[in-house]
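K.L.:
What follows is the residue order along each chain.
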Amino acid sequence: MIRVNKQGEVWVFGEQHRGRLEDTPIELMSKGRRLADTLGVKLATVVLGNGVGDLATKLIHYGADKVYVAEHPLLGTYQTNSYAKVMFDLIHKYEPQIVLYGATITGRDLAPRIASAAKAGLTADCTDLQIGDHRTQDDKLHKNLMFQIRPAFGGNIIATIINYDRWPQMATVREGVMPPPEPDVTRRGEVITEKVQLTQQDLPLEILAEHKRPKKVNLKTARIIIAGGAGVGSRENFKLIWDLANCLGAAPAASRAAVDLGFIDKDHQVGQTGTTVRPVLYIAVGISGAIQHQAGMSQSQKIVAINNDPEAPIFQVAHYKIVGDLNVVVPRMIKGIKEKK
Amino acid sequence: MAYKCVVLIKQVPDTKRITGEAMSDDGTVNRSALPAIFNPEDLNALELALQIKDKFCGKVTVVTMGPLAAAAVLRDSLFRGADDAILITDLKCAASDTLATSYILSCAVKKFDYDIVLCGRQAIDGDTAQVGPQLAEKLGIPQITYVEELMELNGKNITARRSIGAGWQQVKTALPVLLTVTGDANEPRVAAAKKMMKYKKARTAGEVEREVRSQRTEDRGQKTEGSEEEIKSLIEQKCSELSEKGLLIKQWDLDFLGADLTWCGRSGSPTKVHRIQSVVLAAKESKNIEPSDKGIADMIHELIEDKTIA
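Same order as they appear, the protein sequences are chains Y and U.
Using the numbering used here, read the first sequence as starting at 1 and increasing by one per residue.
Using the numbering used here, read the second sequence as starting at 1 and increasing by one per residue.
Hints are supplied without guarantee of correctness; some may be wrong.
Said to hold, decoys possible - From the derived model, a few chain U residues whose C-beta atoms are all more than 12 Å from chain Y:
#1 E47
#2 D84
#3 F112
#4 G155
#5 R162
#6 M197
#7 E211
#8 S243
Said to hold, decoys possible - Chain Y side only, calculated, beta carbon under 7 Å to chain U, not exhaustive:
#9 I105
#10 A124
#11 D128
#12 G154
#13 I162
#14 I207
Quick caveat, the hints were computed from the structure, so don't treat them as lab data.
Glycine residues also receive a C-beta, built at the ideal position from the N, C-alpha and C atoms.
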């Protein structure tokens, strides 16, 4: 267990695979920066791997004051036990007050293992983090805690979680909810090389094969997204979504219902169990807008909703509400856009 | 070779069916207003364990932590083919976060001789996916999370395919191991009619007590009230009858588990709730657009003017 301390740094786990940095550590840098500045402490990233030292400069450009680099031949491929052991040792050595991980498959595999070993708190899948005070029922004031904000109960409530009596405060953060900062190539920082001691015993798994396929669409970086729902009716009719996307240079997406019905591949799914997006324009076509869907798209800058049901919940978050038959409205939109261009 | 599987399951409120009544004005959830269901991915974990038993023989034990009502998911597991069921119930478990929960479950799992511990990937009420890995750490065994397919079991080793998001990984490790199983792994079997007939009367001791006491309350007025001792002996008698028929679901408390109370419930939970808010999403300003050619053209014009559409 780590004692509560107010001088501890803010850490971001620098998830990388085969020397390529994931998006999540970069996404976490702007929020991490803000937390560290509010607390008046340093922002550090921790990178584990083999031959990954050159990632440090990149992380400093994105806002890290310090980068801890732990390299070892046995850290070449991610494994729960070896990575958890090294992270646990580093946390004990430096006593950070906050440790953040991306809520990726790796982050969600690793962070709970570390939390269990460190007997520390961990909040899953946060969508926001803030610094604030908490008064307990016995009227004790705890200042400057990390508010770990996350949807719960299938997105129906937003819970703010804290921990004040055991450090570090740890959270995994949902992919895509925090905008990455602009890199500043003039930034300078400190790189600390850590000695790592590992044996084969720390690697109980044997990775026999791995197949990584490129995602069919990158919704996270799309400026405009056209999403279709169950209301589109069929895989054939989903062509309307593709056509509208094509004429706007947009990414085609879908609600979970449309994916479950087989209209489009799961890579295109937006929402609580899919991708979280924040495009400049989100056009929801035939999507009723369950809270789980809204959780993944409500932060879009402009939302257009097309639905024949005026009571559809999607209209609560829409800036432009079109009540009508999508089979009429979408072709009219395509025509309208082509005329303007 | 036969394998001993322990499956950890959870009864959860059906969060997909949340209606207005289930949400109170202060934004908290009224759990009792929601139907309680078997956590979906825990059914996939149970199915995987049953498939292992079907293929290699062995035993499937299901364990849940929760109130007496959670015995419903244990019965459901027995209907589907589980051999043994355990309810961990104790008021001192209340307010446990994932860390405290994993500690309590580890005390229970350590009572078994096991080869494979299985959990669903995550529960739909919290969606944390944390208890599985935390439990594996407490048991000191490797974990394979996001399991989509069991590829090989050969007595000493297990090979499984796990999801890595866009793609998969084939992983091998020595037993014992903890697996977290995704909804893509299999189609859970339904209850078998014969087993349902047999186990529908299965009860935990706590359920027996509640039934006996409520029966007593109903009978009041017609009969003279029985003494506490009579009630107790009646409960004991009913429990031993059930036990003889193999219908007594084991009920364990923290004392029986030998759990250190410092690590259970509130005191064992580093995370605490600061605030709960209900979700009110609303666009700041919104416009109704006529689905006519003109309405749509005007909207597109506006979106181009403000550079939303480049």
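K.L.:
Any CB of chain U closer than 7 Å to the CB of G154 of chain Y?
P.N.:
holds, 3 Å
K.L.:
Given I207 of chain Y was flagged as interface, is its beta-carbon under 7 Å from a beta-carbon of chain U?
P.N.:
holds, 6 Å
K.L.:
Measuring Cβ to Cβ, find out whether E47 of chain U lies farther than 12 Å from everything in chain Y.
P.N.:
holds, 19 Å
K.L.:
With d taken as the least Cβ-Cβ distance between S243 of chain U and chain Y, does d exceed 12 Å?
P.N.:
holds, 35 Å
K.L.:
Restraint: I162 of chain Y near chain U, CB-CB cut 7 Å. Satisfied or not?
P.N.:
holds, 5 Å
K.L.:
Hold the hint about I105 of chain Y up to the distance rule: shortest CB distance to chain U must be less than 7 Å.
P.N.:
Hint holds; I105 of chain Y Cβ to chain U Cβ min 5 Å, cut 7 Å.
K.L.:
Does the interface hint hold: is A124 of chain Y within less than 7 Å of chain U, judged Cβ to Cβ?
P.N.:
Holds: closest Cβ of chain U sits about 4 Å from A124 of chain Y, inside 7 Å.
K.L.:
Minimum Cβ separation between E211 of chain U and chain Y greater than 12 Å?
P.N.:
Per Cβ check, E211 of chain U is outside 12 Å of chain Y; nearest 31 Å; holds.
K.L.:
Test the statement that M197 of chain U is away from the interface with chain Y: the closest C-beta pair must be farther apart than 12 Å.
P.N.:
Correct as stated: the minimum Cβ-Cβ distance to chain Y is 34 Å, above 12 Å.
K.L.:
Are all C-beta atoms of chain Y more than 12 Å from that of F112 of chain U?
P.N.:
holds, 19 Å
K.L.:
Once the closest CB in chain Y is found, is it more than 12 Å from R162 of chain U?
P.N.:
The claim is violated: R162 of chain U sits with its nearest Cβ about 8 Å from chain Y, within 12 Å.
K.L.:
Are all beta-carbon distances from G155 of chain U to chain Y longer than 12 Å?
P.N.:
The assertion about G155 of chain U holds, with a minimum of 16 Å to chain Y.
Against the hints set out earlier in the document, violations occur for numbers 5, 11.
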